[in-house]
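Fit chain E to the known structure of chain R by using the hints.
There are 2 protein chains.
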Amino acid sequence: MSEENQPGDADTLQERLNEVTTLLSRQRLVEELVHRQDMPHQSLVENLVHKQNLIELRHRLDSLHSADVAYLLEALPLEDRLLVWDLVRADRDGEILLEVSDAVRESLIEAMERHELVAAAETLDTDELADLMPDLPQEVVEDVFQALPSDEQAQLRTAISYPEDTVGALMDFDMVTVREDVTLEAVLRYLRRFDALPEHTDQIFVVDRDGALKGALTLESLLIHDTETDVRQVMKKEVMRFHPEDQAEDAAQAFERYDLGSAPVVGANNQILGRVTLLAVVDFIRETSEAEQLANAGLREEEDIFASIWDSVKNRWSWLAINLITAFAASRVIGLFEGSIEKLVALAALMPIVAGIGGNSGNQTITMIVRAIAMGQVKTDATRRLLKKELGVSLINGLLWGGLIGALACWLYGSFSLGLVMTAAMTLNLLLAAFAGVAIPMTRQRLGGDPALGSSVMITAITDSGGFFIFLGLATLFLL
Amino acid sequence: MSEENQPGDADTLQERLNEVTTLLSRQRLVEELVHRQDMPHQSLVENLVHKQNLIELRHRLDSLHSADVAYLLEALPLEDRLLVWDLVRADRDGEILLEVSDAVRESLIEAMERHELVAAAETLDTDELADLMPDLPQEVVEDVFQALPSDEQAQLRTAISYPEDTVGALMDFDMVTVREDVTLEAVLRYLRRFDALPEHTDQIFVVDRDGALKGALTLESLLIHDTETDVRQVMKKEVMRFHPEDQAEDAAQAFERYDLGSAPVVGANNQILGRVTLLAVVDFIRETSEAEQLANAGLREEEDIFASIWDSVKNRWSWLAINLITAFAASRVIGLFEGSIEKLVALAALMPIVAGIGGNSGNQTITMIVRAIAMGQVKTDATRRLLKKELGVSLINGLLWGGLIGALACWLYGSFSLGLVMTAAMTLNLLLAAFAGVAIPMTRQRLGGDPALGSSVMITAITDSGGFFIFLGLATLFLL
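Sequences listed follow chains R and E, in order. Letter 30 of the first sequence, counting from 1, is numbered 30 in my numbering, and no numbers are missing. Letter 390 of the second sequence, counting from 1, is numbered 390 in my numbering, and no numbers are missing.
A couple of the hints might just be wrong.
Since the list can't tell identical chains apart, any single copy or any two copies may satisfy a pair.
Said to hold, decoys possible - Heads up, simulated DSBU-like pairs for lysine-lysine below, C-alpha to C-alpha not over 35 Å straight-line:
1. K314 x K379
2. K236 x K388
3. K236 x K379
4. K379 x K51
5. K51 x K237
6. K314 x K51
7. K214 x K236
8. K343 x K51
9. K388 x K314
10. K51 x K388
11. K314 x K214
12. K343 x K237
Think of the hints as simulated: they come from the structure by calculation, not from any bench. Treat the numbers as computed from the prediction; the structure is a model and nothing was measured.
One chain only, chain R, in its complex shape (with noise of 0.2 Å):
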C-alpha cells in the first residue's frame, strides 16, 4: 500500500471517490458549456475553467490508491472511465489493470495504444504480467516479452504454462533464500542489504547448493531468536509445499486448514520454483465463489454493469437456451394429458405446485450435498446412506407440505379424491427429487465431473417434466 494514499476508514474513502465524481460531472457541463458556445472570449473562459478542472481531477486521482482508482472506473459508465483513464498517470496503468473485472479491463485495453500498453505491461512483475496476458493484443505480448530480461523471459514462459485453476497460476517469482549453515546474524545482514522485501514475505526459504529446499525460516524464528543461531537450529523442517500441477482449490483449502501465510512450489528434485502467498489464495477463494455465484444464474461471466446490451446478450444467452428446452420438454409432457386436462381443468392450476416444490426440495438437497462434497466430506460409499436420509425428509415434507396442499385443493374444487391425488403427486415428486438431488450429485463426482456444474438445472429439468407426469399421470388413472 503506498503511504501517500492511505485513507484513514472507509468514509474517508467514500468521500474522496465523492469528490471524483463531482468533479467529473462539472468537467461534463463545462464541456457541454464550451460545445454550446461560439463566441471566441467566453469560450476562452470555459477552456481555463476545463483545464482547472482537469487539473484538479488528475490531482485528485493521483491521491487515491490504485484499488481505489480501480474501483472507481468500475463504477463509471463507459465514457466517464475513459476520462478518468486518461487522467490517470501511465505508470500506474499496469497495477490499474490488474485490479479491474475482466469486463472493466476489456473496455480499458480496447482505448490504449500499443505504446501505452506496452509501457504498462513492463510495470508489471512476471506472475502479475502472466496475469494479465490472456487480455493483451498479440502484438503487444511479443513486444513485451523481447524488451524482459532473459531469466524473466523463462519465467514468464513458466507462469504462463500453468492452467488457470493449478498452483502454478497462483504463484509468483518474489522470494528471498538463505543457506541452512549461516547464522541468523548473517541472515539479518543480509536482509539489511534489500530496500525492500519481496511482499508479504513471513518466512525466508532455507535451499542447499542445488536449489532444493531444506527447510522455512520463519521472519518469527528469525527475531526471536539468538542471532549466534545457526538458521539449520530454528528452520522449520516440514513445510507444508506444493508442485505447480496441484489444484489451485486444494492449495486454498490447505491454506485455510493449517492458517498459511504462504507456502513454497517445488518442482522436481525438490527444486524450489516460487511460493504461494495468502493473498493470491484469497483472490483466488473471492473469483471462485463469484464465478460459482455467477453460475448459479446462468451468467457466463462478470458482466460490466455498463456493458453494451448485446454484450449482455450474449453472456446471458446459452443458459436461457438450455431452460428453454427442459421447458419445452416439460411443456411436452403436459401435452401427453391435454384429454385429462380437458375434462378437470382444475389439473392445470395444480399441476405447478407439484413441479415447483418438487424443485425446490431438489435444490436443497443438491446444494447440500455438492457443498459436502467439495468439502470432501462425502465418500462415494456414503450414497446410499445420503439416499436413505433424504427420501426420509422428502417423505415428511410430502406428507406434510402435501397434505395440507392437498386440503386446500380439496377445499376448493370440492373433489376429496383430487386433494388424495395432490398430496400423493406431491410425495412422489418429493422423492424423486430427493433421489435425484443425491444420484445426480454423487454420480457426476464418480465420473470425475465437477457435481456443481449445472446441477440446478438438471434437478428443475427432472422436477418439472416428472412432476407434471406424476399429478397428471395419477390424475387420469384415478379421477377420469
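Just chain E now, kept in the frame of chain R:
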C-alpha cells in the same frame, strides 16, 4: 501449525485419513465380535485386540493436525465421530471444537461432560473463546469466566459485546506494541525476549504513553533498516485502521483492496484495542459466501450430512413454506382462466414455458445487480440506466427466444395466432422480469435492506404469476 504432523502434500493427508477410517472399521468389527461371544477366554483375546487397536487409533489421531481431525470428524457418522472424539487428547479439544462446523460442534459438545468442556475452553485465547461461547451451556460459560484472570475477563466481555458481522467479532488481542522513540536495535532486543510472536504478526504497533496508535512498524522495515534507526523514522504513520463497530464486510473488502496482512482496531481517542489478521478475514469471507450459497437454496444453516431426518426437515421447512405460498398464488392466477383453458387446452401445456423462462431471465438480472451493489458499484441514481439496459436485453431475448418458441407452438398446434400470442407473452414476461430484477434489489438497497436476501424467491413469484397472467390473459383476449 504443529511440526509433528505436517503432511508433505494432499495425498499424504488422504492416506492418513484412510488409515484412520480403516482402523475405525476394524474397531467396529472387533466390538461386534466381543458382543457376540460369551466364552471368557475368547473374549479376553478379543479384548486385547480391541485395546491394541484403540491404542493405534489414538496414536494416529495424535499425529494429525487439529484441522485434519476436525475434517475427519465432519466426515464420520455420529457413532464413529464420538468414538474418535473420545480418543482425541483432551488438550486439543478446544482447538478442534473451533475448527468444526456448527452442526458437528453441537454434536460433540452434547457428548461432553461439564468439566471436560471447561478444560477445553480454558486452552483457548479470549477471542477464540468468544467465538465458541454461544455454543456452550450457560454453566460452563460461567465456570470458564470465573477462572480467567481479570484482564482476560475484560477482553472476553469486550469480544462478546460485538455483533457477529462487525470488526469487533474478527478482532484478536494478540499484538506487540512499542514506543516510537526507541531504536530498531531496542525493538529487536525486546522481541528476542519473546518465546513466540502472536500468530501471523506482520507488523507491530507503535503507541504512545496512553496506548493511542501512532503508527505501525512492519517486520520488513524492522529487518531491512539500520538498527540504529529510530522507530519513528521508519514506521508507517498512515495505517489503515478499523473501529470495532465497523462492518466486517467492509473490513474484508479493505483487506482485499489494499492487500493488508493485518490491521489495528482502535476505539475512542485512537486507543488501540486489538488487531484483525488476514486469516480472520479469510475465515469470514469463506463463511459468508457459504452462508449465501445455503440461503440461496433455502437452507437455514449448514447441515451435518449425517444429521437426523428431523433436524433436516426443520432446516428446510421455512423456504418450502414460502415457495408453497407463491406457488399457490400462481395456481390461483391460473384458476382465473380455467374457462379459457377448457376451450383451448394447448394453453395449459405452453404456459409453464412462459413462466419458467421469465424466472430464469429475472434471476440472471437480479444476480448481476445484487453483485454490483455488493461491490459498491451501483449508486441508486444508476437505476434508470440499468433499467434501460436490462429492458433492452429482455426485448432482444423475448423476440429471439419467444419467436422461436412461438414458431414451435404454431407448428405443434397449427395455429399462427397461438404462436403470436406465445411470442408476445414471452417478450412481455421477460420485460416484467427485467423490471422486477432491477427494481427489487435497488428498492431494497434504498430502504436499507440486504438486496440479496430472498430476492430469487421474490422474482420467481413475480415471473410465475405474471407469466401465467400475461399469457392466459392475452390468449383469452385474442384467441377465444
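Open item on the list: Please sort K51 with K388 into within, between, both or neither, judging by C-alpha distance up to 35 Å.
Closed with: Result: close only across copies, 33 Å inter versus 73 Å intra.
TODO: Evaluate K343 and K51 at a C-alpha cut-off of 35 Å and name the case that applies: within, between, both or neither.
DONE: neither (78 Å within a copy, 71 Å between copies)
Open item on the list: I want to check one pair: K388 and K314. Are their C-alpha atoms no more than 35 Å apart within a copy, between two copies, both, or neither?
Closed with: Answer is between; shortest inter-copy Cα gap is 17 Å, intra-copy 42 Å.
Open item on the list: For K343 and K237, with the copy left unspecified, which applies at a CA distance of at most 35 Å: within, between, both, or neither?
Closed with: Intra 79 Å, inter 81 Å, cutoff 35 Å: neither.
Open item on the list: I want to check one pair: K314 and K51. Are their C-alpha atoms no more than 35 Å apart within a copy, between two copies, both, or neither?
Closed with: The answer is neither: 40 Å in one copy and 65 Å across copies each exceed 35 Å.
TODO: Classify it for me, K314 with K379: is the Cα-Cα distance of at most 35 Å met within a copy, between copies, both or neither?
DONE: Close across copies (25 Å), not inside one copy (38 Å); limit 35 Å.
Open item on the list: At most 35 Å between CA atoms: does that hold for K379 and K51 within a copy, between copies, both, or neither?
Closed with: So K379 and K51 pass the 35 Å test across copies only (28 Å; inside, 67 Å).
Open item on the list: Cα distance capped at 35 Å. Does K51 pair with K237 within a copy, between copies, both, or neither?
Closed with: Classified as between; 34 Å across copies, 61 Å inside a copy.
- [ ] Go through the copies and call it for K236 and K379: within, between, both or neither, with a Cα cutoff of 35 Å.
- [x] Classified as within: same-chain Cα gap 33 Å, cross-chain 50 Å, threshold 35 Å.
Task: Homomeric proximity label, K214 with K236: Cα distance no greater than 35 Å - done: Cα proximity of K214 and K236: in one copy and across copies (9 Å, 34 Å).
- [ ] Check K236 against K388 for me: Cα-Cα at most 35 Å, and say if that holds within a copy, between copies, both or neither.
- [x] neither (47 Å within a copy, 59 Å between copies)
Task: K314 and K214: within-copy, between-copy, both or neither at 35 Å Cα - done: Classified as neither; 51 Å inside a copy, 53 Å across copies.
Going through the hint list in order, the structure does not satisfy hints 2, 6, 8, 11 and 12.
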